[in-house]
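A.B. asks: Model the full assembly from the supplied sequences, consistent with the hints where possible.
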Amino acid sequence: MAETKSISMSVKIGTLKLKNPVMTASGTFGYGGEYADYVDLNKLGAIVVKGLSLKPRAGNPPPRIMETPSGMLNAVGLQNIGVHTFIEEKLPILRKYDTNVIANIYGETYDEYKKVAQKLTSAKGVHALEVNISCPNVRKGGLSFGADPKSAAAVTRKVKEVTGLPVIVKLTPNVTDITAIAAAVEKAGADAISLINTLTGMSVDIFTRRPHLKNVTGGLSGPAIKPVALRMVWQVLQKISIPVIGIGGIMNAEDALEFLILGAKAVQIGTANFINPQATIEIIAGIERYMELNGIKNISKLIGTFRS
Amino acid sequence: MKNVYIGEILRNEEIAQDCFLMRVALHVSFIDPRPGQFVMLRVSGLAEPLLSRPFSVCSFERQNRSCSLDLFYHVIGRGTQILAGLLKGTQVEILGPLGRGFEVAGHKKNIVLLGGGMGMAPLIYLAMQLNKDACSSSSAMYFYLGAQNAEAVIGLEQLKKLSFTIFTCTDDGSMGEKGLVTQIFLKDLKKFVPGETMIYACGPKPMLSALAKILQKTKYPCQVSLEERMACGIGACLGCAVAVKRSKKSSLAYKRVCADGPVFDINEIVWK
Chain V
1 MAETKSISMS VKIGTLKLKN PVMTASGTFG YGGEYADYVD LNKLGAIVVK GLSLKPRAGN
61 PPPRIMETPS GMLNAVGLQN IGVHTFIEEK LPILRKYDTN VIANIYGETY DEYKKVAQKL
121 TSAKGVHALE VNISCPNVRK GGLSFGADPK SAAAVTRKVK EVTGLPVIVK LTPNVTDITA
181 IAAAVEKAGA DAISLINTLT GMSVDIFTRR PHLKNVTGGL SGPAIKPVAL RMVWQVLQKI
241 SIPVIGIGGI MNAEDALEFL ILGAKAVQIG TANFINPQAT IEIIAGIERY MELNGIKNIS
301 KLIGTFRS
Chain E
1001 MKNVYIGEIL RNEEIAQDCF LMRVALHVSF IDPRPGQFVM LRVSGLAEPL LSRPFSVCSF
1061 ERQNRSCSLD LFYHVIGRGT QILAGLLKGT QVEILGPLGR GFEVAGHKKN IVLLGGGMGM
1121 APLIYLAMQL NKDACSSSSA MYFYLGAQNA EAVIGLEQLK KLSFTIFTCT DDGSMGEKGL
1181 VTQIFLKDLK KFVPGETMIY ACGPKPMLSA LAKILQKTKY PCQVSLEERM ACGIGACLGC
1241 AVAVKRSKKS SLAYKRVCAD GPVFDINEIV WK
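Heads up: the sequence lines are chains V and E, in that order. Residue 248 in my numbering sits at position 248 of the first sequence; the count goes up by one each step and never skips. Residue 1037 in my numbering sits at position 37 of the second sequence; the count goes up by one each step and never skips.
In short, the hints are calculated from the structure, not lab data. Take these hints with a grain of salt, some might be off.
[What the hints assert, rightly or not] Derived BS3-like pairs: lysine-lysine, alpha-carbon spacing no greater than 27 Å straight-line:
1) V:K114 to V:K187
2) V:K119 to V:K17
3) V:K43 to E:K1002
4) V:K297 to V:K187
5) V:K12 to V:K297
6) V:K19 to E:K1002
7) E:K1255 to E:K1245
8) V:K214 to E:K1245
9) E:K1255 to E:K1205
10) V:K55 to V:K114
11) V:K301 to V:K43
12) E:K1160 to E:K1191
13) V:K96 to V:K43
14) V:K17 to V:K114
15) E:K1217 to E:K1187
16) E:K1219 to E:K1255
17) E:K1187 to V:K214
18) V:K214 to E:K1272
19) V:K214 to E:K1109
20) E:K1245 to E:K1213
21) V:K17 to V:K297
22) V:K96 to E:K1191
23) E:K1245 to V:K55
24) V:K12 to V:K119
25) V:K150 to V:K115
26) V:K214 to E:K1213
27) E:K1132 to E:K1160
28) E:K1213 to E:K1109
29) V:K160 to V:K19
30) E:K1255 to V:K55
[Unchecked claim] Just the calculated beta-carbon pair ranges, DEER-fashion:
31) V:S241 to E:S1029: 48 to 56 Å
32) E:W1271 to V:K55: 48 to 56 Å
33) V:Q238 to E:S1029: 47 to 55 Å
34) V:V228 to E:R1078: 18 to 26 Å
35) V:S308 to E:S1029: 48 to 56 Å
36) V:T109 to E:R1246: 19 to 27 Å
37) V:R307 to E:I1006: 34 to 42 Å
38) E:D1172 to V:K43: 36 to 44 Å
39) V:V228 to E:V1028: 19 to 27 Å
40) E:P1206 to V:V228: 39 to 47 Å
Idealized CB from N, CA, C, for every residue including glycine.
C.D. replies: See the structure below:
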């Protein structure tokens, strides 16, 4: 159809321009290359890579995952190759693709966040930083930063001080009032907010009477958390004016559209990548088809059209 | 670009106590799996199980216009209970073949396979390949097969068609010798010269761990195929971590069963 060509799906997150609003969620797409056999990476709005720390991290002992009703628990423990190896070995591969590379970063101290941000800012081929203040798996780590408006704002400020790249702050849902954290992070200078990270959960093996995960608790993701994510995105949108990226249980284009209609400028696809490595591409095609069927030529005419 | 294949169940039946054989018809473009490789399988359109499940390739046959894949599974939890109820004609999504398979060493004088319980699945496929392999016609091939009891023995009929010397054992002595497969093998170990032997093993963790202990201070090369819960099968989720001995080069202590394995050198693994 000739009309298909005239459909624009491009969106802007601060100064970051995306060809479409579909990104991969950190920790579900490796460093990109893992999916290159299944997905034309050039078609993605952005690739958000596995969370990077200053030093490589071995991660948690197994078992690390467990399927639960309409979802899964994971306690990978931020296993990653470290920022140095990422820049040396993975970034050159990613630079070959015509897509945005968003580096998800993580630290145990303010200083570590700063150092990781600095290293990635001076590397060629990183288009934005996503700051993980919310990973629930490492006791000393993210949770303490993301659960308190003051420390969440402090991390944001420290990272902003050392980078000119757009800074996206990824929020944890495991808090009493997510809108307070969102407002604090916005005030501290964040360019965008992404939410939600996983919900802390657990699962018990009734035969051994032990936890299914060695770490006992883990992060719940998948379709089970979508209604919670939608509610939180909706609440946060009413409190802040910087762009919001919706994450949580998006399995298909319909799910993604729910977030976009609410007002999320973009979405991230996580657990769906595990179930169908081509989920991102199918979601992009599905959004386009929806726009076509509904006579929407520009995605900006769809985003935030929620009627409450 | 690789794709997810839609397969159709041709057979899905109980072949031993709680053990099922599923035969899936696939499009002719499906790549021939190497022994030790696996596939991720999911039932099309079902919300549960949500995640695909990994299964070793137990057999693969290619016809003119299609091919078919045999998988074994043990009904153990929700996911496999649902699989067991599937009827002929049901569509399944198959991703694969995945992982690094066995290194087939057909030139060794002695080829020894040790299989326990469901661990038989990849070894049957390996045994069929070794049997076909011209090089191995000069090799002596041995198969040590262990199960809980006679009802739980799987794969024996297929093996009998191949040129293996078979030793069967069960925990309760209801078939073959009474005892663990590793114990039976240990009694024969001295018959094999390390430099002329290749050992392949797959089975429950305690069995592989016992084998690791037996081979610890010897020079027998041994490849083991491991199993772990996994979500993606392609190296992204990091769910299927296995502890490995630290090498000097890297300080990372975990490898991925899916992408770095599922076949490993037995000495590389940290057995607890």
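A.B. asks: The structure should be examined with respect to each hint, and the outcome stated for every one.
C.D. replies: Consistency of the hints with the structure:
Taking the CA atoms of K114 (chain V) and K187 (chain V), the gap is about 19 Å. The hint holds against a cut of 27 Å. Proximity of K119 (chain V) to K17 (chain V) is assessed by CA-CA distance (about 22 Å); at most 27 Å being required, the pair is judged to hold. Between K43 (chain V) and K1002 (chain E) the alpha-carbon distance is near 16 Å, which keeps this suggested pair within the 27 Å criterion. Taken as a hint, the K297 (chain V) and K187 (chain V) pair is broken in the structure, with Cα atoms around 34 Å apart against an allowance of 27 Å.
Using a Cα cut-off of 27 Å, the hinted pair K12 (chain V) and K297 (chain V) holds, with the two alpha carbons roughly 16 Å apart. Straight-line distance between C-alpha atoms of K19 (chain V) and K1002 (chain E) comes to about 24 Å, which keeps the hinted pair within the 27 Å bound. Straight-line distance between C-alpha atoms of K1255 (chain E) and K1245 (chain E) comes to about 10 Å, which keeps the hinted pair within the 27 Å bound. Of the pairs offered as hints, the one joining K214 (chain V) and K1245 (chain E) holds, with about 20 Å between alpha carbons and a cut-off of 27 Å not exceeded.
The hinted pair formed by K1255 (chain E) and K1205 (chain E) meets the criterion: a straight-line CA distance of about 16 Å does not exceed 27 Å. About 13 Å separates the Cα atoms of K55 (chain V) and K114 (chain V), which keeps this hinted pair within 27 Å; it holds. Proximity of K301 (chain V) to K43 (chain V) is assessed by CA-CA distance (about 22 Å); at most 27 Å being required, the pair is judged to hold. Of the pairs offered as hints, the one joining K1160 (chain E) and K1191 (chain E) holds, with about 22 Å between alpha carbons and a cut-off of 27 Å not exceeded.
With a C-alpha separation of about 13 Å, the suggested pairing of K96 (chain V) with K43 (chain V) holds against the 27 Å cut-off. Using a Cα cut-off of 27 Å, the hinted pair K17 (chain V) and K114 (chain V) holds, with the two alpha carbons roughly 24 Å apart. Note on K1217 (chain E) and K1187 (chain E): the hinted pairing holds, with a Cα-Cα distance of about 16 Å set against a maximum of 27 Å. A hinted pair counts as satisfied when its Cα atoms are at most 27 Å apart, and K1219 (chain E) with K1255 (chain E) qualifies at roughly 24 Å.
As the CA atoms of K1187 (chain E) and K214 (chain V) are separated by approximately 36 Å, the hinted pair breaks the 27 Å bound. The suggested pairing of K214 (chain V) with K1272 (chain E) holds, with an alpha-carbon distance near 14 Å, which does not exceed 27 Å. In summary, the hint linking K214 (chain V) to K1109 (chain E) is not supported, as the alpha carbons are separated by about 42 Å, beyond the 27 Å threshold. Proposed proximity of K1245 (chain E) and K1213 (chain E) is supported: the alpha carbons are some 15 Å apart, at most 27 Å.
Of the pairs offered as hints, the one joining K17 (chain V) and K297 (chain V) holds, with about 18 Å between alpha carbons and a cut-off of 27 Å not exceeded. A C-alpha spacing of about 55 Å is found between K96 (chain V) and K1191 (chain E), which places the hinted pair above 27 Å, so the restraint is violated. Distance restraint check for K1245 (chain E) and K55 (chain V): the Cα-Cα separation of roughly 19 Å lies within the 27 Å cut-off, and the hinted pair is therefore satisfied. Our distance criterion of 27 Å between C-alpha atoms is met by K12 (chain V) and K119 (chain V), whose separation comes to about 25 Å.
Under the criterion of a C-alpha separation no larger than 27 Å, the hint pairing K150 (chain V) with K115 (chain V) is consistent with the structure, at around 20 Å. Only pairs whose Cα atoms come within 27 Å are accepted, and K214 (chain V) paired with K1213 (chain E) is accepted, the gap being roughly 24 Å. Only pairs whose Cα atoms come within 27 Å are accepted, and K1132 (chain E) paired with K1160 (chain E) is accepted, the gap being roughly 14 Å. For the suggested pair K1213 (chain E) and K1109 (chain E), the alpha carbons sit about 23 Å apart, so the restraint of at most 27 Å is met.
For the hint linking K160 (chain V) to K19 (chain V), the alpha-carbon distance of about 25 Å falls within 27 Å, and the restraint holds. Simply put, K1255 (chain E) and K55 (chain V) have alpha-carbon atoms about 17 Å apart, close enough for the 27 Å limit, and the pair holds. The hinted window of 48 to 56 Å between S241 (chain V) and S1029 (chain E) holds, with their beta carbons roughly 51 Å apart. Separation of W1271 (chain E) from K55 (chain V) is about 27 Å and departs from the stated range, judged on CB atoms against 48 to 56 Å.
A hinted range of 47 to 55 Å for the beta carbons of Q238 (chain V) and S1029 (chain E) is consistent with their spacing of about 51 Å. Our hint of 18 to 26 Å for V228 (chain V) and R1078 (chain E) holds, since their Cβ atoms are close to 23 Å apart. The hinted range of 48 to 56 Å is satisfied by S308 (chain V) and S1029 (chain E), whose Cβ atoms lie roughly 49 Å apart. The given range of 19 to 27 Å is respected by T109 (chain V) and R1246 (chain E), whose C-beta atoms sit roughly 25 Å from each other.
The hinted window of 34 to 42 Å between R307 (chain V) and I1006 (chain E) holds, with their beta carbons roughly 39 Å apart. Between D1172 (chain E) and K43 (chain V) the Cβ separation comes to about 57 Å, which falls outside the hinted range of 36 to 44 Å. Evaluation of the 19 to 27 Å hint for V228 (chain V) and V1028 (chain E) yields a failure: the beta carbon distance comes to about 45 Å. For P1206 (chain E) and V228 (chain V), the Cβ-Cβ distance of about 40 Å falls inside the hinted range of 39 to 47 Å, so the restraint holds.
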